[in-house]
Structure formats: C-alpha cells, structure tokens
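Asks: With the hints as your guide, set chain B with the ligand onto chain A.
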Amino acid sequence: MARIIVLLKDIVDLTEMKVDPETRQPVTEGVKRRISELDKRALETAIQLKESGEGEVIALSMGGSGTRVALLAALAMGADAAYIINDEALAGVDALATSKVLKAAVEKIGDYDLIIGGEMTLDSLSAQVIPRLAELLDLPQVTYVKEIELGEGALRAVRDLEDVDEVVEVDLPAVVAVVREVNEPRIPSLMNIMKAKRKPTEEWDAEAVGLSAEEVKASSSVEILNVMAPKVDRKRIVIKADTVEDAAAQLAEAIVSEGVLER
Amino acid sequence: MAQNVLAFSEDRELLIQLLGKGKELADSLGGELNALLVGSNISDSGELAQYGSKKTLVADGPGFEHFSVEAYKAAFLKAVEASDPGIILIGATKRGKELAARVAAALDTGCMTECMTLEVDEEGNLVSERLTYAGSTIATEVSRRAPHIVTIPSRAFEAPEPGEGVGEIVTLDVSIPEPRVKVVERREKTKGDVDLEGAPIIVSAGRGFKAKEDLKILEELAEVLGAKVGCSRPISADMGWMDDWIGISGRKVSPKLYLACGISGTIQHAAGIRNSQILVAINEDENANIHEISDYSIVGDLYTVLPALIKALKEKLG
Ligand SMILES: Cc1cc2nc3c(=O)[nH]c(=O)nc-3n(C[C@H](O)[C@H](O)[C@H](O)COP(=O)(O)OP(=O)(O)OC[C@H]3O[C@@H](n4cnc5c(N)ncnc54)[C@H](O)[C@@H]3O)c2cc1C
Numbered sequence: 001m002a003r004i005i006v007l008l009k010d011i012v013d014l015t016e017m018k019v020d021p022e023t024r025q026p027v028t029e030g031v032k033r034r035i036s037e038l039d040k041r042a043l044e045t046a047i048q049l050k051e052s053g054e055g056e057v058i059a060l061s062m063g064g065s066g067t068r069v070a071l072l073a074a075l076a077m078g079a080d081a082a083y084i085i086n087d088e089a090l091a092g093v094d095a096l097a098t099s100k101v102l103k104a105a106v107e108k109i110g111d112y113d114l115i116i117g118g119e120m121t122l123d124s125l126s127a128q129v130i131p132r133l134a135e136l137l138d139l140p141q142v143t144y145v146k147e148i149e150l151g152e153g154a155l156r157a158v159r160d161l162e163d164v165d166e167v168v169e170v171d172l173p174a175v176v177a178v179v180r181e182v183n184e185p186r187i188p189s190l191m192n193i194m195k196a197k198r199k200p201t202e203e204w205d206a207e208a209v210g211l212s213a214e215e216v217k218a219s220s221s222v223e224i225l226n227v228m229a230p231k232v233d234r235k236r237i238v239i240k241a242d243t244v245e246d247a248a249a250q251l252a253e254a255i256v257s258e259g260v261l262e263r
Numbered sequence: 264m265a266q267n268v269l270a271f272s273e274d275r276e277l278l279i280q281l282l283g284k285g286k287e288l289a290d291s292l293g294g295e296l297n298a299l300l301v302g303s304n305i306s307d308s309g310e311l312a313q314y315g316s317k318k319t320l321v322a323d324g325p326g327f328e329h330f331s332v333e334a335y336k337a338a339f340l341k342a343v344e345a346s347d348p349g350i351i352l353i354g355a356t357k358r359g360k361e362l363a364a365r366v367a368a369a370l371d372t373g374c375m376t377e378c379m380t381l382e383v384d385e386e387g388n389l390v391s392e393r394l395t396y397a398g399s400t401i402a403t404e405v406s407r408r409a410p411h412i413v414t415i416p417s418r419a420f421e422a423p424e425p426g427e428g429v430g431e432i433v434t435l436d437v438s439i440p441e442p443r444v445k446v447v448e449r450r451e452k453t454k455g456d457v458d459l460e461g462a463p464i465i466v467s468a469g470r471g472f473k474a475k476e477d478l479k480i481l482e483e484l485a486e487v488l489g490a491k492v493g494c495s496r497p498i499s500a501d502m503g504w505m506d507d508w509i510g511i512s513g514r515k516v517s518p519k520l521y522l523a524c525g526i527s528g529t530i531q532h533a534a535g536i537r538n539s540q541i542l543v544a545i546n547e548d549e550n551a552n553i554h555e556i557s558d559y560s561i562v563g564d565l566y567t568v569l570p571a572l573i574k575a576l577k578e579k580l581g
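Quick mapping for you: the protein sequence lines, in order, are chains A and B. Per the numbering used here, the first sequence runs over residues 1 to 263. Per the numbering used here, the second sequence runs over residues 264 to 581.
Just so you know, the hints here were simulated from the structure itself, not pulled from any lab data. Bear in mind the structure is a predicted one, so any value in this text is a computation, not a measurement. Just to be clear, a hint being listed does not mean it is correct.
What the hints assert, rightly or not - Result set (DSS-like, lysine-lysine): computed pairs, CA atoms no more than 30 Å apart in a straight line:
1. B:Lys519 to B:Lys445
2. B:Lys491 to A:Lys217
3. B:Lys574 to A:Lys235
4. A:Lys240 to B:Lys336
5. B:Lys519 to A:Lys235
6. B:Lys357 to B:Lys452
7. B:Lys357 to A:Lys235
8. A:Lys217 to A:Lys50
9. B:Lys577 to B:Lys491
10. A:Lys146 to B:Lys577
11. B:Lys515 to A:Lys32
Said to hold, decoys possible - Not close to chain B: a few residues of chain A, all C-beta gaps over 12 Å, as computed:
12. Glu44
13. Ala81
14. Glu181
15. Val232
Think of the CB as a built atom: it goes at the ideal place given N, C-alpha and C, for glycine as much as any other residue.
Isolated chain A, as found in the complex (with noise of 0.2 Å):
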C-alpha cells in the first residue's frame, strides 16, 4: 500500500491569462485559477499508481485564498484528501522558502512512500522545489519522469533527457517529477465532483507546520521586481491585393528583398 503526496500548485488560467496593451502587465485578476498543467499530470500519475495496487493519495498545495476551489479538482479526479498551506505572510516568497515549507509539511503528513510533482509550475517555470525538496529531506530525486511503475518498496521510471531514455530504479521513499509526456489526465465525472466536496481538507499556516513565517520570509532570497510581454517589434505590415496572385507576388518580393533567403 503506497502511500503518495501529490505537490500541486493552482496558478492563473494560461489560456484565459490577457497582456495589457499599455502597460504590458499581465492581467492576473479575475482570471480563473487552475492546477499547474504538469501538476496536474503528477496528480494523475498518482492516481494511476493508486489504482494499479493499493494506496492513498493525498493532494498538498502551499496556496492562497484561491487554493481549495483548485483542489477540489484534485479531489474530483481520485485525490483522497488535500492539505492547503495558506499563509499571508508567505506570499511572494520564492522556491527556497517554499521548499522548506512544504518539507515541513510533508513532515508534518508523514508516513509517505512517494512524493510527486511537475518539473516545474507553469507560471514561475523555476523547475526547483522538487530538487530542492529531495535535498532537504535527503531523498533520492527521479526528475523528468515520463512513465513510472511502482513495485514492492521500490520504483523503477522512465527520465527523458536530452539525449538519452534513462531507465531507472531506486528504492522508496523518493522523490519524483513529471514531465508532460507522462499521461493525459482525466476528466472527472459528475458524481466524483459532488463526491469530492466530502472529502477530508485541511488547511495550515506556517505555525500549523511548526515554522516561523518570519523566519522561512526571511530566507527568502529571490525576489520578482517586475512581470512585462516582451515589447513587439515588428513591421506588421499586413499585404492587401485584388488578387491571391498579387498578394503572394508581393509577399515574394517582400521576402526576397528582406535579403533572408541569402545562404
């Protein structure tokens, strides 16, 4: 019986996500928050883990406010219960202070075989806390998995490196990170959504898992001063003719003179 904790990150919905025009500022308000892509294919890796043999799998987000209508998803798709780290005074921190967090709280969970995540959250794209947090807990990491089986008290994945497939095997308790190429995952049906509003959630602030949010603030040492789209620098000039004939003609002479066909 496995025992997994999921890490997962709720962020801003990418596709809905717009770009101010003036400012090229990111308009994160108001934007529907969902679980972070990979994450949510770490989630149904655990889940799949789970269903291949006996166990639990159990959702863990260090969040805001937002956080617990993201995990009810978790809990929708097959998590067995969620626990919300949600503390203002670690907002903005950055992945060290957040490792150490959730070191802590995974502590505090205990008892797990397997932690799993994405290789990275697609908003900060820092691909750092599961590393760091192997490194914390001094476990072995397995990062960039793209299949995965579990057998008695060990597991044995698939990493996609540049170069090479790695197939690898290390012995529980580990750390592991997906990469998108490791499952599509489900949809939840209806009746599990309902079901899921019944399942165990808890939520902690840093006190909660025995740390000083001062103190974990403060060892923060990354700091974002600004969020800009890059400006667009472009002749955007859009070719108009009676006819496709003339356009692509123009085009052709466009490219051609642009002097980018030269070997």
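Replies: Quick look at chain B with the ligand alone, frame taken from chain A:
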C-alpha cells in the same frame, strides 16, 4: 567586495559561453573566474584557461562517467569550498537545472532559472531577466544573497574567442556517495533529422491545415525556400502529424525567416519564435494575433495563398 565566479556545464559549448559571461562578471567584481569539470578521464582541462578560467577545478573518476545528480552535487560542493564563489553559473540543460536546484538547497541559497540576461546592481545583487507565465512574459528578478546561483540556457551569451590566458588545474578529491538511483538502461535517442533550433528558414503549420496530406503544400514551399518544416503544438501533440513542435513547451527557434501558416499566434507559440529575424504569417482570420506579431502577413486561405506563393517564389528565385 570582490566576488569570484564559478561556472559549470556538462555541455562544453555551453560552458564556454558561461565563461564568456563569467569573465565579464568576475572582472567587474574584481574577482576570479573559475570553472568546474566533472567526468571520467578528462583530457582537455587545460583548454579552459584560454577562456579566462583561473582555476579549473577537476573532479575526475569512474563514478562521474555518467551524470548522477548526487555525485555531481558532491563534486560541486567541493568546488565551492575550493573557490569561494559569489556567483555560480550553471548551464540550463535538464541535468544542469536539477543540479543547480539541488546545490542551491544544499547551500541554502536562492537560484534563478534560465536567465537570459545577468547584471550586478549597485548593491552587488544579481539581477536577471527570465521567462515566466509559460513564456508569455519576462520577469526581472533579483537575487539578494550570495552565493547567487543561476542557470543559463544555450546561446543566451556568446562564446568568447580563445585568448592567451594562463590558469592552474586543481584536482578535487571527492568522495562519491553510494548511488541511490540505479541506472539500469540508457536508450540513445535518435535525433530527428530536422534540427529546427539551428535552421535559418522555417515554415510552420498550425491547425489551419485540415489533413495530414495537406502538409505536402508546406513541404513544397519548404523545398523552394530551403527551409525546415515545423508546427504548432496541436499539430504534433494532438494530431501526431509531426514529432516536434515549436513554442514555450517545445523547440525555441531563431531563424532568419519564420513563415507561420494557419497558426493563430497564441502566447505559447509566440514565445518560441520571438527571436526570428523576419516573421511572416498567412492566416484567414484578420483578427488572429499572429498578424500583430508579424512583419508581413496575408489575410487569406492558406490553401490558395500557399500555391500562389510557391509559384511566385519559383519565378523570383529562378
Ligand atoms: C501550458 C501550455 C503550453 C503550450 N505550449 C505550446 C507550445 O509550445 N507551442 C504551441 O504551438 N502551442 C502551445 N500550447 C497550445 C496553445 O495554447 C495553442 O493551443 C496552440 O498554439 C494553437 O495552435 P494553432 O495556432 O495551430 O491552432 P489555433 O489556435 O486553432 O489556430 C489555427 C489558426 O488557423 C487559422 N486558419 C484556419 N483555417 C485556415 C486556412 N484555411 N487558411 C489560413 N488560416 C486558417 C485560424 O484563423 C486560426 O487562427 C500550449 C498550451 C498550454 C496550455
């Protein structure tokens, strides 16, 4: 305060790019540039002095033949002890990124991932620009505590020309921990014959294409232009018509000419083509975002525009 810089990448080309930037940083901080090499039977450690490495720290042994994050971390911590860096630059390969995060955690310090620019501010903090929100935005971030660790992708900084530099080679004595992750098999990947990242001309297909056979029109255009063929994510990930896609979660390309056909130009796709010199779009929807981010575009049906364009180009190019 003088700060040393330590550079590492298991990818030699990338390491040399890091040394170029590292030298600039070390010079401006009055510190020393050092490099770390990890491997088995390393024969060319002397080479790095030409790129400004004062001390080339070498961890050599059979246990380092293949990359293992725990073994390489052990070597890294020794190198940190031996060279006292204020700034640590690590190549942002997949292995480099997991190593950087693990080393950062071991040193209890911050890390900035895949930095495109790097600068030291007045207070001696390290400031970088990096992509966030799935590649649609650029975040400016500051690291306030040394050692500052950053990972740097390929081609963010230019490789320096080799010079006359002299340096020393320092052998590190690393005790490698018993590996906990056992590699039972390594399957070499067959490199697809399309090397999109280095291609000077790319023509690319989006969901405007209705059937796989229709890609023939694009292949014909590619032939006329001497171009490689790429696509948006749905064409590859959903339809399975091609192996690789372009964009934030796929290949990032920087051709002289990028021609997007039937691609709407979502932020995720745009993030992968931003560095194209000239961007051309063919899309029937005049409100499609791709027109906003292109140099030239035609609002029209690709099924009629492409054959006409092929004909026109053939005439022009002879
Ligand atoms: C986390 C995340 C990561 C992603 N990463 C990537 C990525 O790396 N790369 C990527 O490409 N996508 C990525 N996507 C997907 C992305 O959001 C879009 O779904 C995708 O880019 C759309 O592809 P498209 O432009 O081909 O299709 P669509 O958006 O459907 O656009 C098709 C376009 O074709 C035009 N068209 C239709 N018929 C014709 C015709 N006959 N002639 C001319 N024009 C025609 C339409 O006007 C339309 O603009 C990602 C999404 C997420 C959530």
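Asks: All the hints need checking, so say for each whether the structure fits it.
Replies: Results for each hint:
With a CA separation close to 44 Å, the supplied pair Lys519 of chain B and Lys445 of chain B exceeds the 30 Å bound. Between Lys491 of chain B and Lys217 of chain A the alpha-carbon distance is near 49 Å, which puts this suggested pair outside the 30 Å criterion. With a C-alpha separation of about 25 Å, the suggested pairing of Lys574 of chain B with Lys235 of chain A holds against the 30 Å cut-off. Pair hint Lys240 of chain A plus Lys336 of chain B does not hold up; C-alpha atoms about 59 Å apart against a cutoff of 30 Å.
Using a Cα cut-off of 30 Å, the hinted pair Lys519 of chain B and Lys235 of chain A holds, with the two alpha carbons roughly 15 Å apart. At most 30 Å may separate the alpha-carbon atoms for a hinted pair to count; Lys357 of chain B and Lys452 of chain B meet this at roughly 15 Å. At roughly 36 Å between alpha-carbon atoms, Lys357 of chain B and Lys235 of chain A are farther apart than 30 Å, so this suggested pair is violated. With a C-alpha separation of about 35 Å, the suggested pair Lys217 of chain A and Lys50 of chain A falls outside the 30 Å cut-off, and the hint is violated.
With a C-alpha separation of about 17 Å, the suggested pairing of Lys577 of chain B with Lys491 of chain B holds against the 30 Å cut-off. Straight-line distance between C-alpha atoms of Lys146 of chain A and Lys577 of chain B comes to about 44 Å, which puts the hinted pair past the 30 Å bound. With a CA separation close to 28 Å, the supplied pair Lys515 of chain B and Lys32 of chain A stays within the 30 Å bound. In this structure Glu44 of chain A is separated from chain B by more than 12 Å, as the shortest Cβ-Cβ distance comes to about 16 Å.
Against the 12 Å criterion, Ala81 of chain A stays outside the reach of chain B, whose nearest CB is about 27 Å from its own CB. Not every CB of chain B lies more than 12 Å from the CB of Glu181 of chain A, the least distance being 9 Å, so the non-interface label is violated. At the 12 Å boundary, the C-beta of Val232 of chain A falls inside the reach of chain B, the nearest C-beta of that chain being 5 Å off.
Checked against the numbered hints above, the structure breaks hints 1, 2, 4, 7, 8, 10, 14 and 15 and satisfies the rest.
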